[in-house]
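Asker: Below are the chains, spelled out letter by letter.
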Amino acid sequence: MFGNKVLELKNISKSFGTRKIIDKLSLSLDQGDILSIIGPSGAGKTTLLRLIAGLESADSGKFIHNGKEFDPTDRNNHLVGMVFQDYNLFPNLSVMDNITLAPIMVNKMSKAEAEKAATPVLDQLDLNKFKTLYPYQLSGGQKQRVAIARALQMKPEILCYDEPTSALDPELVGKVKDIFLKLKQTGMTQVIITHDHQFGKAVADKILKVEPIEK
Amino acid sequence: MLNYIFSILPSLFSGAWLTIEIFFWTTVVSIPLGLLVAFGLHSKLKLVKAILKFYVWIIRGTPLLLQLIFIFYGLPTVGIVFPRYEAALVAFIINYAAYFAEIFRGGLQAVPVGQFEAAQVLGLSRWQTINRIVRPQVVKIVLPSIGNELINLVKDSSLVYVIGLGDLLRAGNVATARDVSLVPLVLVGCVYLAMTAVLTALLRVVEKRSNVWK
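Respectively, the protein sequence lines represent chains A and B. Heads up: the first sequence begins at 25 in my numbering, then just goes up one per residue. Heads up: the second sequence begins at 5 in my numbering, then just goes up one per residue.
These are calculated hints, taken from the structure and not from any lab test. You can trust all of the hints, since none of them are fake.
Here are the in silico distance ranges between beta carbons for each label pair:
| no. | chain 1 | residue 1 | chain 2 | residue 2 | range |
| --- | --- | --- | --- | --- | --- |
| 1 | A | Asp193 | B | Ile24 | 55 to 63 Å |
| 2 | B | Arg208 | A | Gln161 | 16 to 24 Å |
| 3 | B | Arg213 | A | Ser52 | 50 to 58 Å |
| 4 | A | Lys29 | B | Leu49 | 40 to 48 Å |
Below, computed lysine-lysine pairings styled on DSBU-like, alpha-carbon distance capped at 35 Å:
| no. | chain 1 | residue 1 | chain 2 | residue 2 |
| --- | --- | --- | --- | --- |
| 5 | B | Lys218 | A | Lys179 |
| 6 | A | Lys153 | A | Lys201 |
| 7 | A | Lys153 | B | Lys212 |
| 8 | A | Lys153 | B | Lys144 |
| 9 | A | Lys44 | B | Lys50 |
| 10 | B | Lys48 | A | Lys34 |
| 11 | B | Lys144 | A | Lys140 |
| 12 | B | Lys53 | B | Lys218 |
| 13 | A | Lys199 | B | Lys218 |
| 14 | A | Lys132 | B | Lys212 |
| 15 | A | Lys135 | B | Lys144 |
| 16 | A | Lys201 | B | Lys218 |
| 17 | B | Lys144 | A | Lys179 |
| 18 | A | Lys206 | B | Lys218 |
| 19 | B | Lys218 | A | Lys132 |
| 20 | A | Lys153 | B | Lys218 |
| 21 | A | Lys29 | A | Lys86 |
| 22 | B | Lys144 | A | Lys155 |
| 23 | A | Lys92 | A | Lys206 |
| 24 | A | Lys140 | B | Lys212 |
| 25 | B | Lys48 | A | Lys44 |
| 26 | B | Lys144 | A | Lys132 |
| 27 | B | Lys48 | B | Lys144 |
| 28 | A | Lys132 | B | Lys48 |
| 29 | A | Lys86 | B | Lys48 |
| 30 | A | Lys48 | B | Lys48 |
| 31 | A | Lys140 | B | Lys218 |
| 32 | B | Lys218 | A | Lys135 |
| 33 | A | Lys155 | B | Lys218 |
| 34 | A | Lys206 | A | Lys140 |
| 35 | A | Lys44 | B | Lys53 |
| 36 | B | Lys212 | A | Lys155 |
| 37 | A | Lys201 | A | Lys230 |
| 38 | B | Lys144 | B | Lys212 |
| 39 | B | Lys212 | A | Lys135 |
For each residue, glycine too, the CB sits at the ideal point set by N, CA and C.
Could you put together the complete structure from these sequences and hints?
Answerer: Here it is as structure tokens:
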């Protein structure tokens, strides 16, 4: 739809000790693509996502963004946003402060600017009435939307989700799917881990099936 | 009776003042010191970690009373002399810093790894993460334990009696011995109760303020 290659992985390998998790994996994502990573537990889905988000460093291989190699572990690039499985919202901050913390601290926005910038996202994700609440006062689905809003505020080009449907009621799964598709319209490239095959296939442009590596 | 009470109150209050002084200085020095030690206990430098672990082990494994006697009566035999009041402060600060360090260490460990990771992906620096995310969470976790230690400190301060400092307990004891009366000791108890009651109320206010989030 948009055409440019936002993310390429070339021959990425990762081991923990002697256990090989990912072996020479290559893939390529165009802008606006939704990639579902499907597979059983222990197949390295989460590790792959953590490599892309820079929470682990690869043993070998290259990450390429728009034709240029980059290092996902560098805190100063904000290419990749992440929505964690249990959201990891900051419990000591209100919804608004969760969302505006990084723009204020990292991008040096004023509080007023950051809150203004957050408003359309809050509206879009139906979070406006929760903005003064703290995470413990929210339901799972609301927390997830806050986590998405928080990640979006750093204007990532790629958004990763670790098991976004695993903790949700069935009726909320459809809502999440709508969010993914809306973000796709804006050109967001998304990577989703799931072991819900149906869901994975329903939203994805590309599917990556992973299996544990045989010894 | 009332006249008697009024006649000994000034000496009790001056003793209580010493107790408050020891409480104050121990608190304001040993809490930051304990925090530093706690960070040191997480240090990647093995030597630093080993030394600090040894310090905490020694201090928590021996009586505060022994430490007081060691510093005031023991150290002069090897040429290190502290005046009474300073000896008491040194002993209390070293002792309480070790306890606070253990409390802070536990608090730091209780912050989930996911909090650090979320901050990292958002691009926050280490310092920003500690200051905005970790510190507020640690403070909330450790508050009840810190409060407990502070209440202990009010009462532990009576140990300075053994190196001859005129604190609240000593003032009461002197009056009891002199006048052969139970009244001074009862009053001493009341003053300790009043001090811990004020402290408990203060701690409750602080805890309440930290309860806006869970």
